[in-house]
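Novice: Below are the chains, spelled out letter by letter.
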Amino acid sequence: MLVLALLAGCSSGPRRSAPAPVVGSGAASAESASGVQTAPATPLPDFRPLPRAAEQPSAPASSPAVVALLSGAERQRAGGELDAAVATLERALRIEPRNALLWHRLALIRFEQRRYALAADLAARSNSLPHANSSLREANRSLIRRARAMTAGG
Amino acid sequence: MPGRKKRVLKKNTPRRKPGAAGSGKRKRGAASRSRRRGYRWSTRLLALLLLFGLVGAVYLLYLDHRVRATFEGKRWAVPAQVYGRPLELYVGAAIGIEQLTAELKHLGYRQVSHPHKAASWSRNRGRFLIRSRPFRFWDGSEPSRLLDLRIDDNHVIQLLDGEGRELPLVRLEAPSIGTLYPAHNEDRVLVTRQQLPELLVAALLAVEDREFFTHHGVNPKSILRALWANIRAGEVVQGGSTLTQQLVKNLYLSRERTLSRKINEALMALMLDARYDKDEILTAYANEIYLGQQGDRAIHGFALASRFYFNRPLGELELPQLALLAGMIRGPSLYDPRRHPERARERRDLVLGLMAAQGAISDAQRAQAQQAQLQVGRRSEGAETRYPAFLSLVKRQLIRDYREEDLTSEGLRIFTTLDPWVQERAEAALAGRLARLDRQARLPAGTLEGAVVVAAGSSGEVQALVSGREPGYAGFNRALDAVRPIGSLIKPVVYLAALAQPRRFTLATLLEDEPVSLEVAGGKEWTPQNYDHQAHGAVPLYQALAYSYNLATVRLGLELGVGRVTRMLRDLGVEREVEEVPALLLGAVALSPLEVAQIYQTVSANGFHTPLRAIREVQSSGGEALQRYPLTVRQVVDQGAAYLLTRALQEVVRSGTGRRLAGVLPSERQAAGKTGTTDELRDSWFAGFDGDRVAVVWVGRDDNSPAGLTGAAGALPVWGDLMAPLDGRAPQLPPGNAVEWAWVDPASGLRADAQCSGAVELPFLPGSAPQTRSGCVQGPAGGLGDFFRGFFQ
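Just so you know, the protein sequences line up as chains A and B, in that order. Using this note's numbering, read the first sequence as starting at 1 and increasing by one per residue. Using this note's numbering, read the second sequence as starting at 1001 and increasing by one per residue.
Hints were generated in silico from the structure; no laboratory data involved. Just so it is clear, CB atoms sit at the ideal spot from N, CA and C, and this is done for glycine as well. Among the clues, some could well be false.
According to the in silico footprint, chain A covers these stretches of chain B (three or more CB under 8 Å from chain A) [what the hints assert, rightly or not]:
id, segment
1, 1042 to 1056
2, 1089 to 1095
3, 1162 to 1176
4, 1629 to 1641
5, 1726 to 1738
So that you can see chain A by itself, here it is in the shape it has in the complex (with noise of 0.2 Å):
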């Protein structure tokens, strides 16, 4: 149940999130582009931001699909599976690549499995996608120097 309130919390959503709004692109039109690699004869009057991670609309929660994957990931990590746990993650992975607390699943897994520098990596990845919630940025941090200090030790 922790997995899943958490998995609430941090995940980015499905597929079709609301598109960000952009102001004020697309105004090059495909005629004006047909002067190419050429200089603007004017400096570009509309260079707008793209939404910043926290103007993002707040993801809702993680789609049924992987809520079941990721419990099956548990099970199976449980049970010792931990080869098929890291085949389950994956695939929740493909369905949802930006979703920080699978990252986070994965990188416990392989650390489990003395993949230390992975696991590091793969923690680092789930640090750096957004909406991963402080608890879960600390649990990967923490991961991330255990699994240095283990591949420091040897």
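Using the hints, position chain B against chain A.
Specialist: What follows is chain B alone, placed relative to chain A:
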């Protein structure tokens, strides 16, 4: 084998000769002598007979050994079966009606009014009822089940089982995309006796060997019958061979038509029949029989023939198709239902007639089956070489871990990452555009060639690989082997090397786009030019990339040091040795489209490098997982720096050299990319990504002569045609703490306000945004006062 056989026969001949000479000795006279001689003769005869018997026995033992060794040992090399990615169905999945229909057709599912049987489906507007086939995946089995699925606006909005319960996730079976068959070109899929449809057995016996279950391997009655029929017809119209003899011929003997071969065939058929039961022989026959040809590839066995001709597994065939397969044995090319449909139909009807006459089916069944269409699948559907370019990538990745003979003989099941839907969009985009570009560049039709690589940005899974305008043709694999100078595709690497040093460079840093000249190897002078042969003065870094300015890039690269750029190239995933020369800064480095895709994958994943992969899992023929090719990541670049580069590459598409895409892709897709053009317009490149996929397109000529196209004119439209129909999100933003945003005045590179004319808001790595305010900033907090405040803080 034939060589060995011949040697044995030769050994026999000289032994026979002395016997033959001995029988020619003349009689000499007297009775006693003749008695003695008679006695001598009979001992000689006895000895001779013994010798013959011995030789014969040895020979029979030898034949028996051969029969057993081949039959009981592994009889067939079973090629590896290669699968594409299975389609995942779940609420929210971006799948449209057109795609689902295409996927079902590809799997050989039939559209019916109500799906009672596995592998069938029906549709009413956006609602699909699908009865799936069971399938064994590497991580468990999906059972056959009824799915009730709704699609709206290109997304799955409901997924229920037959009882109306919600299903979280279902994967359809993985589509078969090819086999890796061995050098002798025999392709086959094995069946067991239980998997042989009884109607097929009935058809087979009716037309080839009606007394199969009662004879002893050879059927004298049938031989006489055939002889009589042939005499009456004045030509060979009927064979008297039993199935067992046919099997012996195919398994052990050469194709020559000699008496000795016939005798061997009969002897071995008798042995086979004595040693093994009928069902074993029948199964072997069903797996061995030759049923067609596609180029080099020989189609063996009913199971493969079923896929080849009908794009369906053998178990799903019905009486008319089974009768046709049995009928084709006599002449697979003569009765090829694709090439000679009329002849094939007559043959099928003849088999059905025989079956009815022998009581295997009723007259009503016969009449109904004779009414049926041939139902042959399109050639491409049964073809196992539909994606030869991708298959060769799979093979190259496998050959690192497996021996060639294991790949082609052990019946491995290889699960790959190919996405047939994306692959077909990519093939269509390239072929469609190249035809237009030929005309546009005033080249004879078919002159231009191209290659496309598409991969999932996050996982590095290769979804599509197109190696030329004729994707079904397994020739030169341009996506892997066309190693060409990449031109301006290198520039993002130069700019990333700069942006990774936030204290020296930001997106707003002014670069000098001024003439530059330097001495290179051999004392020669190198004076690069801009594409428009003009210098543009001080330009902000992001614009220098967006407009692909050569002078600014060379100056930047020299300031960084070429070594730093080559190191960055390696970090991004290029393993090839690269020469550290200044010309590298403008793309004098030759890479394949696949290698370029690797570079852009790392950028698209915000600096996390994932090796591009074509394989997910390999399974043994028994279903045991042999090897996984897991997802790995390695952070090679600061994610903030990678994002700054992505932001600049989005500007390429929004307003720079890639802005032709604006008319093709919706602005909210926020695609990022870069054009590349080489000297004399020899190579036209476009590499880019959205939030889901990385794609690289190369267009040029095989003989390396000028194609007459810039990256924007040639490769870019292919890229647009490919990406437009695919669902995709905007590239991933990093979390809030990785970058900060500030308004700047691009002309001065100084801090500005949102109100300033021409001001732009750019991302910066934390602490690297310019502090000095430009003149346009109004109010007490702006101007010089702010500058000094910043200076003294």
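Novice: Hints the structure violates: just list their numbers, smallest first.
Specialist: Number 1 - this is the single hint that the structure violates.
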